[in-house]
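So the chains spell out like this:
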Amino acid sequence: MTVATTWKQKLAGQVREDWAREIDIFETQIELRKKGKVEEKLFAETRLRRGTYGQRYDNGQRHDGEKTQTLPYPSGELTKGPVTMWDAPGMQRIKIPYGKLTAEQLDTLSELAEEYSDQILHITTRQDIQLHFIHIEDTPDLMRRLAAAGITTREACGNTVRNVTACPYAGVCSTESFDVIPYADALAFFLLGHPDTQDFGRKFKVAFSGCKDEPCGLTNFHDAGAIARTRTVNGELKRGFEYYVGGGLGAVPYPATLFDEFLPEEELFPITQAVCRVFARLGERDNRARARLKFVVKKLGIEEFKRLVLEERAKLRPDERWTSFLKDLHVTDEKPLKAGSELAPGTYPAGFDAWRKTNVHPQSQKGYSTAKVTLPLGDFTPGQGRAMADLARRFTGDSMRATVEQNMLFRWVSNADLPAFYQGLVAAGLGAAGADHITDVTSCPGTDTCKLGISSSRGLATELHKQLSVISDQLDPAAQELHIKCSGCSNSCGQHHVADMGFLGVSRNMNGRRVPHFQLVIGGQYKNNAGSYGLAIGAIPSKHVPKAVKTLTDRFVAEKQDGESFQAFVARIGKKEIRKLVDQLAVIPSYEQDPSYYSDWGDPREYTIGDLGVGECAGEVVPLVQVGLADSERELFEAQLLLDEGSSDSAAARAFSAMVLAAQALTREKNSFLGEGVDEIVSEFRTHYYDTKLFFDPFAGGKFAHYFFRAYEHRGEAGSSKEGAHQLIEEAQLFVEAAHQCYTRIAGALP
Amino acid sequence: MLSERLQLKLYLEPSAHFELEALIPVFHRFIRDQVIKDLLIDVVDYSHVPAGPGVVLIGHAADFYVGALDGAYGLIYSRKRGGPGPDARLEDALRRLINVARLLEQEHGLGWRFKSNELSLRLTDRLHAPNDDGTFAATQAEVVALFGRVYGSDIAVERVPAAKEPLSVRIKASSSPSLEALLEKLGGPPEAAS
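Chains as they are written, first to last, in the numbering used here: chain H, 6 to 756; chain U, -10 to 183.
Honestly, the hints are just simulated from the structure, not real lab data.
A hint or two may mislead.
Derived DSBU-like pairs: lysine-lysine, alpha-carbon spacing no greater than 30 Å straight-line [as the list claims (entries may be wrong)]:
1. U:Lys26 <-> H:Lys40
2. H:Lys343 <-> U:Lys153
3. H:Lys39 <-> U:Lys26
4. U:Lys153 <-> H:Lys340
5. H:Lys13 <-> U:Lys153
6. H:Lys46 <-> H:Lys13
Cβ-Cβ distance ranges computed for the label pairs, FRET-style [unchecked claim]:
7. U:Pro73 <-> H:Gly81: 16 to 24 Å
8. H:Gly651 <-> U:Asp22: 40 to 48 Å
9. H:Glu50 <-> U:Ala181: 33 to 41 Å
10. H:Ser329 <-> U:Pro73: 17 to 25 Å
11. H:Asp338 <-> U:Ala5: 51 to 59 Å
12. U:Ser167 <-> H:Leu83: 40 to 48 Å
None of the values given here were measured: they were computed from a predicted structure.
Each residue gets a CB set at the ideal place from its N, CA and C atoms; glycine is no exception.
Excised from the complex, chain H in its bound form:
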């Protein structure tokens, strides 16, 4: 017998032929890139389409708190994309359609984390698994091993259809219209590699929900969202979907727009295909910041968009896959391992009652429960992965779901087994209670590994978890059920817009140094599939965020009226009250008094290099810029209040005014004779900051300046609707934020 010396040999015949071929091609492309025979941009898109991302410091530079040092990677100048060094460790995103994992798949993922990564598996906010610190040359074998377990990383990133997500309770939930999983499963593989999904200008996200009122599917912020619905036609119960398009978070969140209140099940695939074709045809290509479907829908209006989609639908050549899966909708049904049972009264293991209270929910099937495993920040070890796989084999018969709250859900636990199941979790260090409660803080990777992170969202989430865990038992039940979500930047991967308290990483220049901050985002709604988005109230120094959470929580508990939600409470007391808290927490000690404020959570490096030269001009001009930027923030806040009062037109005008003030503050740095006229400010800003690219963000380029120019060109239009005013406020916030960053660069504190 020949001993296999490569994974390709070892797994021969165990991998789907087409998947094996794709991986072979990718491996060849790696070799060609090493020989310089593939252009770096093309290679970057190729690897991204296989879920192989860059990571922080992959440009070969790292700031050590005092200075920027070069990381001398051994492959020298060889790159795997623009400014992305070949040897720099990267992230591998692994698509897990609707989060479903079998025990065998989890075993495989655990092996991969053990051999190629840093001993951690990470669940994302879109039900994927990510492994970090992976070398590009390890990825083909990693992909082969995944493929042998029935997982493909194809189109996990890039301008493609991303992981199709769905409610993790689908099929066992008492509020669902029907089980959406057979639809989600079939659509995920129908769209994977489909010719009509290969030419997008940006990514495309799909989500399913079994009902409208719960948060589980979060369909409101997806490009295509399908909510299960039934309707009786001629005495027959028909299945269909309330179908939404054009939702999205990102820097400027858009709620999805209703496309069809009842899309028959047989039309789900062709309509989605037609939506993809319209997106591919009309979506923006040159400006990534305006390339998501939400901008197409917004630009055309839903009626015109719908007309184009239906026109496209009429042209489609029939495809048997549109409906073939409908012949057997039970193909994705799960068979429980044990018979349903009741939990017998008795003495349970220590900690069981608390865990059961927060982590266990009855299924719609009598005698069974779902049990959630609380995973801090979505992280778990290979040993814990194997332990969960074994628990699935022992108790449920293979059913697990990675959730968007970054936990793992087990289904079909027979109730009498719950204590033994819990003991199994405890033995693996996984017995923590509090899933989806206030201590279970969601976070994107932030500055830990993401190239775009501004502040340490994971560091903040860890600290909040620590501090809240100490007091959570004493908290009022209403407070325990609050959701906190953190993002390291404005791209919203932590989904901060739909939390009770959301935090978004930003930075500020204070006392001549750069200080990590988080914008407090209030008013978002998690229920109703992420029914509404919050708005930023103001920036809080990172080290004061736990105090802000504690103060807000205490006040909510003390002042809430019967049955009042946090969102309703905030609306009742008003954002002015919340803003007072932000203002109180805005002041920090000087660096000499307490340097810890000038570092981020979990990272002792100084957040600023702190070597600002105090030139003769800087002593005067810098404070003036700061005053102007503070004025613009105040104006923004006023805009929010006006929006809350229902004055969309005034809110939009005020948001635009905030942009003008920020632009004016910066431009006076270059032209001290600058007047108050808007035309002059826009023109001078363009000359001094846009044409020179001085205002450009290192990653987003001129995106934020474009917001300003567009607001100028279309002033007076945004206020015609609440949504328009809301979006303008979001864009104004980003513009003002970019002005802060620009100012910091001018002052010399940023590269």
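Starting from the known structure of chain H, arrange chain U on it as the hints suggest.
For chain U alone, coordinates are given in the frame of chain H:
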């Protein structure tokens, strides 16, 4: 040793004042001041994960972990790629592990002490080192030869029974030399990893 990837761990003496987070600035300083010659990239804090990898110093060729993945705290040297040929891999890993353990013991702010005679070895390469009797026999022989020479005493090697995990062995020396003495025996602080 055929496995290019391996993890060698030295265990910490239990301490009432053990504080894992105190390691984070130390590892950052290791990068900033290039305290060890390897290409070091970043520090990651996984202390929130129970029985997890703890605090990780990410490098290009190898990582260093201080965590409790197997339930007991210790320092792991985790070789990921490159390195010397099969005959020198284990010795190279031991040298790099002892070197960093010694540096950590010198950090007065940590107040850590390692048990110099208790280690474990995991072969995180299921292709070249499957968890079977053959791999164990070869590993045992190599460990006894190397550690016997370096420690100058009897070496006990015990296989950790866990079928799905990579092959893992516990190593116990009957003597407990100082880390300095061990490093000297191994040729002193290593050069940069390739």
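Now the hints, each set against the structure:
no. : hint                             : in the structure
1   : U:Lys26 <-> H:Lys40              : 29 Å, holds
2   : H:Lys343 <-> U:Lys153            : 25 Å, holds
3   : H:Lys39 <-> U:Lys26              : 26 Å, holds
4   : U:Lys153 <-> H:Lys340            : 25 Å, holds
5   : H:Lys13 <-> U:Lys153             : 21 Å, holds
6   : H:Lys46 <-> H:Lys13              : 27 Å, holds
7   : U:Pro73 <-> H:Gly81: 16 to 24 Å  : 22 Å, holds
8   : H:Gly651 <-> U:Asp22: 40 to 48 Å : 59 Å, violated
9   : H:Glu50 <-> U:Ala181: 33 to 41 Å : 34 Å, holds
10  : H:Ser329 <-> U:Pro73: 17 to 25 Å : 56 Å, violated
11  : H:Asp338 <-> U:Ala5: 51 to 59 Å  : 54 Å, holds
12  : U:Ser167 <-> H:Leu83: 40 to 48 Å : 43 Å, holds
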